[in-house]
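Protein chains in written order, with this note's numbering: chain A, 215 to 751; chain B, 593 to 935.
Because the hints were derived from the structure by calculation, they are not lab data.
Computed cross-link-like contacts, DSS-like style, restricted to lysine-lysine with a CA-CA straight-line distance of at most 30 Å:
#, chain 1, residue 1, chain 2, residue 2
1, B, LYS675, A, LYS349
2, A, LYS349, B, LYS669
3, A, LYS621, A, LYS528
4, B, LYS669, A, LYS419
5, A, LYS401, A, LYS323
6, A, LYS419, A, LYS442
7, A, LYS404, B, LYS675
8, A, LYS434, B, LYS800
9, A, LYS500, B, LYS800
10, A, LYS287, A, LYS323
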Amino acid sequence: MTLLRAPNFVLSAIALTVALLSPSAGAQTRAETLRYVSGGSVNTLDPTMLGSTREAFAVSMSTYDRLVSFGKKQQGKNWVFDLDKIRGELAERYVISPNGMKITFYLRKDAKFHDGTPVTAEDVKWSLDRAVTAKSLASSQLLTGSITNAQQFKVIDTSTFEVTLPKPDRLALANLATTYVIIINSKLAKSHATPEDPWAQDWLKSNIAGSGAYSVESFKPGEQIILKRNEAWNRSADGKPAAFLRVITQTIPEAATRANLVERGDADVAIDLQANDAAALATKPKIKVVSTPMYNAVSYVSFNTQMAPFDNVKVRRAIAYALPYDDMFKASLFGRGVPLFGAVWNNGPPTPGYPIKQPVTLDLAKAKQFLTEAGFPNGFDTTFSFNLGQAAVAEPMAALIKESLAKINIKVEINKLPDAQMSTQINAKTLPFFTENAGAWLPSTDYYYRNFYTGNHRWNYSSLNDPKLAELAEKARFELDPVKYATYSKELNAMAFDLMAQIPIWQPNQDAVMAQSLDGFVYQFHRQIDFRDVLRK
Amino acid sequence: MGLFGITIRRVGRRFISSIPALLGVLIFTFLLMRVLPGDPAVFFGAGTNAGQAEIEHVRKQMGLDKPIPHQLLLYLKDVASGKLGNSMTTGQPVLADIKQRLPASLELTFTALFIALVSAVPLGIWAALKAGSLIDHAVRMFCVIGVCVPTFVSGLVLIYVFYYMLGIAPDPTGRLDVFASTPPNITGFLLIDFLIVGDMSGWWASAKQLILPALTMALFVLAPIARITRASMLAALGSEFVRTARSLGLSSWRIVITYALRNAVLPVLTILGIVFSTMLGANVLVEKVFSWPGVASYALNALLSSDYAPVQGFVLLMAAIFVFANLFIDILYSISDPRISIE
Numbered sequence: 215m216t217l218l219r220a221p222n223f224v225l226s227a228i229a230l231t232v233a234l235l236s237p238s239a240g241a242q243t244r245a246e247t248l249r250y251v252s253g254g255s256v257n258t259l260d261p262t263m264l265g266s267t268r269e270a271f272a273v274s275m276s277t278y279d280r281l282v283s284f285g286k287k288q289q290g291k292n293w294v295f296d297l298d299k300i301r302g303e304l305a306e307r308y309v310i311s312p313n314g315m316k317i318t319f320y321l322r323k324d325a326k327f328h329d330g331t332p333v334t335a336e337d338v339k340w341s342l343d344r345a346v347t348a349k350s351l352a353s354s355q356l357l358t359g360s361i362t363n364a365q366q367f368k369v370i371d372t373s374t375f376e377v378t379l380p381k382p383d384r385l386a387l388a389n390l391a392t393t394y395v396i397i398i399n400s401k402l403a404k405s406h407a408t409p410e411d412p413w414a415q416d417w418l419k420s421n422i423a424g425s426g427a428y429s430v431e432s433f434k435p436g437e438q439i440i441l442k443r444n445e446a447w448n449r450s451a452d453g454k455p456a457a458f459l460r461v462i463t464q465t466i467p468e469a470a471t472r473a474n475l476v477e478r479g480d481a482d483v484a485i486d487l488q489a490n491d492a493a494a495l496a497t498k499p500k501i502k503v504v505s506t507p508m509y510n511a512v513s514y515v516s517f518n519t520q521m522a523p524f525d526n527v528k529v530r531r532a533i534a535y536a537l538p539y540d541d542m543f544k545a546s547l548f549g550r551g552v553p554l555f556g557a558v559w560n561n562g563p564p565t566p567g568y569p570i571k572q573p574v575t576l577d578l579a580k581a582k583q584f585l586t587e588a589g590f591p592n593g594f595d596t597t598f599s600f601n602l603g604q605a606a607v608a609e610p611m612a613a614l615i616k617e618s619l620a621k622i623n624i625k626v627e628i629n630k631l632p633d634a635q636m637s638t639q640i641n642a643k644t645l646p647f648f649t650e651n652a653g654a655w656l657p658s659t660d661y662y663y664r665n666f667y668t669g670n671h672r673w674n675y676s677s678l679n680d681p682k683l684a685e686l687a688e689k690a691r692f693e694l695d696p697v698k699y700a701t702y703s704k705e706l707n708a709m710a711f712d713l714m715a716q717i718p719i720w721q722p723n724q725d726a727v728m729a730q731s732l733d734g735f736v737y738q739f740h741r742q743i744d745f746r747d748v749l750r751k
Numbered sequence: 593m594g595l596f597g598i599t600i601r602r603v604g605r606r607f608i609s610s611i612p613a614l615l616g617v618l619i620f621t622f623l624l625m626r627v628l629p630g631d632p633a634v635f636f637g638a639g640t641n642a643g644q645a646e647i648e649h650v651r652k653q654m655g656l657d658k659p660i661p662h663q664l665l666l667y668l669k670d671v672a673s674g675k676l677g678n679s680m681t682t683g684q685p686v687l688a689d690i691k692q693r694l695p696a697s698l699e700l701t702f703t704a705l706f707i708a709l710v711s712a713v714p715l716g717i718w719a720a721l722k723a724g725s726l727i728d729h730a731v732r733m734f735c736v737i738g739v740c741v742p743t744f745v746s747g748l749v750l751i752y753v754f755y756y757m758l759g760i761a762p763d764p765t766g767r768l769d770v771f772a773s774t775p776p777n778i779t780g781f782l783l784i785d786f787l788i789v790g791d792m793s794g795w796w797a798s799a800k801q802l803i804l805p806a807l808t809m810a811l812f813v814l815a816p817i818a819r820i821t822r823a824s825m826l827a828a829l830g831s832e833f834v835r836t837a838r839s840l841g842l843s844s845w846r847i848v849i850t851y852a853l854r855n856a857v858l859p860v861l862t863i864l865g866i867v868f869s870t871m872l873g874a875n876v877l878v879e880k881v882f883s884w885p886g887v888a889s890y891a892l893n894a895l896l897s898s899d900y901a902p903v904q905g906f907v908l909l910m911a912a913i914f915v916f917a918n919l920f921i922d923i924l925y926s927i928s929d930p931r932i933s934i935e
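All chains, please: the whole structure from these sequences, using the hints.
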């Protein structure tokens with residue numbers, strides 16, 4: 215009997231599915247769709263989730279609004295984000311109190327979430343409470359702006375909101391513009407919260423409760439995500455909705471395939487091609503390469519200052535003068551970036567910014583002299599490690615370093631590590647000598663020094679423990695007087711060079727390879743595409 | 593009882609005897625993942641500024657703060673209740689990920705296996721019939737090239753020629769064009785789902801996406817199948833019953849296909865089981881090159897970031913498939929040669 219009934223069941227299943235299928239899939243023209251291909255994948259819709267990827271950050275910029283956002287400025291021919299120009303996003307305007315300890319936000323009265331509920335100060339309060347309370351990436355980020363607990367947030371009325379700071383922190387406002395500080399539809403989120411998960415972190419991983427320029431049409435984690443324009447959105451600088459009707463973010467693991475797709479015009483834009491592919495594509499007529507030095511990122515050659523022989527500053531200096539900088543720059547980056555070597559400092563660092571060009575060059579005689587002074591006239595053996603994910607850049611670099619250091623009798627063994635192993639070992643402080651990258655969302659000098667030169671965590675690559683530098687960086691953080699801040703910053707730059715804990719070697723370019731028809735690309739602090747910026751001419 | 597009953601009994605016995613092996617694989621992978629030097633908590637707890645507190649939180653979230661025997665017990669309990677844990681890389685339950693991705697891998701593997709079979713077996717027979725001739729050498733050479741060229745190279749070459757230069761193939765980005773609408777998820781096999789709903793243009797679109805990756809994989813496994821076919825055909829053709837058949841004046845077609853091939857097919861079946869299982873795991877590179885959303889690339893991504901649960905789930909799945917593939921081959925054995933009984 216059961217066997218006889220099976221075909222009926224199949225038939226009705228088919229009929230049902232056909233019925234369900236038919237209304238969807240309206241016609242969309244290709245020109246109104248932006249197809250972005252990337253190597254990484256979107257793993258969550260909530261950017262604050264521990265372990266969320268950079269691609270997930272990019273999506274969240276378009277799906278959620280923040281209180282404020284960064285303006286843009288021109289750098290050469292390209293546009294980049296402007297840390298010093300912060301405009302309202304969900305806030306219509308904001309007022310900073312004269313003592314710098316209170317920021318009042320006046321919210322847009324017309325702003326609505328995707329489901330039509332108006333955005334209120336209550337939502338902002340809940341979202342910021344979540345950011346500082348829930349276990350997520352947000353709390354440690356906000357810490358860098360002296361925003362640490364829920365008592366600092368106050369709802370004045372439905373459209374006025376206030377943040378109080380314990381100290382006038384230079385980065386407090388900028389922090390509220392970063393990826394993590396999303397404003398969530400608190401009513402919707404709360405309805406999906408559970409006693410074990412009071413901040414609805416589980417639900418928000420795969421659902422959007424935002425007011426952003428795009429909503430999510432479909433999401434296949436690790437494969438692709440399709441965004442649909444929110445027609446009511448008016449939080450851009452000119453008050454218009456985003457340019458594209460749809461945005462497709464697709465994971466294409468193979469860099470050569472991504473390059474092919476863009477070149478053939480099947481994909482519109484890619485930002486993580488290999489440097490040589492980008493250089494080759496720049497010559498093609500249909501392709502445009504927007505090559506922007508990542509001015510908030512830097513690549514280092516780092517030493518473990520707590521491990522012999524690199525605990526000796528003379529050894530570190532010896533190596534600083536023994537690296538073949540020019541060759542590395544050409545072989546690894548194909549010259550696509552800003553070199554941070556070969557400067558001449560007459561009396562101390564010339565500028566207060568970070569990173570700045572270091573007065574180091576390849577000078578083997580000097581290196582040899584430092585090494586002899588350090589007590590290693592016959593050199594020593596060590597390993598140089600890099601991350602497998604960075605192999606395209608780091609492999610030629612490692613080979614050149616090995617070759618060059620052999621000339622001063624330092625035998626280098628190259629150690630290639632999978633990403634997770636590399637971060638584990640950096641965290642455990644067991645690697646003596648390696649290359650790593652650093653990116654700072656808020657690239658102010660004190661921020662770099664506080665995060666990459668102090669503290670007992672993974673980001674202090676060189677495990678530097680210098681109380682004087684730490685104290686100065688902390689002092690600079692709360693210095694509102696720009697002249698004094700510049701003095702401190704220069705001092706920090708001088709100290710860092712003196713300690714030689716790690717050598718900033720260059721800032722690579724971000725090569726955004728796109729169709730000629732695309733315009734409006736802005737290099738953003740999160741080093742991803744902000745889909746709201748781009749349009750088709 | 594008959595043939596059917598014997599087969600069922602044998603399959604049942606085989607299945608039960610494979611349970612300890614599956615359990616062993618499970619425990620071994622579990623321990624292996626924990627012995628590997630990467631620490632997932634550090635990797636995933638790593639936003640800028642994230643410190644020890646975040647790392648410890650991830651550790652707790654992943655259950656890695658407990659002693660390993662305790663973790664193993666919890667994991668076994670989970671597996672017994674049909675759960676495989678959560679993936680940190682995709683943020684989804686591993687079971688859901690695998691359910692979604694396995695059909696993609698299977699569809700690719702089956703198609704590739706089909707292509708390999710229909711080209712390798714005739715090639716093997718042909719080479720055996722003309723052993724030592726130019727044709728034999730040509731077939732051997734073709735097989736050697738197929739097996740020597742790494743799949744990602746042949747994949748990239750195929751993409752370069754058919755997509756980039758000629759523009760015949762669709763863009764190598766997964767199972768279906770991003771602008772096409774997907775069929776309802778009935779079996780998860782796009783070719784079948786499109787057929788069920790009768791969407792022929794959709795079927796053709798997904799078939800077009802499938803051809804290049806399947807071809808790449810087929811090239812890679814051509815060699816073992818063709819070589820085994822050739823060797824066992826040579827043995828069969830040289831045997832006495834073929835000589836007898838020839839002397840009786842049977843048509844050469846009948847001798848080759850009915851008598852020689854039927855007798856030569858057992859080793860081919862054996863190798864098929866192995867080829868199938870290896871293909872499913874070894875198509876990582878093909879899946880990477882063609883952005884195919886399958887289980888192998890999923891497992892590789894997880895492995896690179898030391899994400900334990902997906903890797904363990906993947907290995908368990910592979911072991912289970914291996915067992916089932918071999919069971920299936922067993923059944924084929926008894927159909928092709930009822931005398932066989934492997935006890």
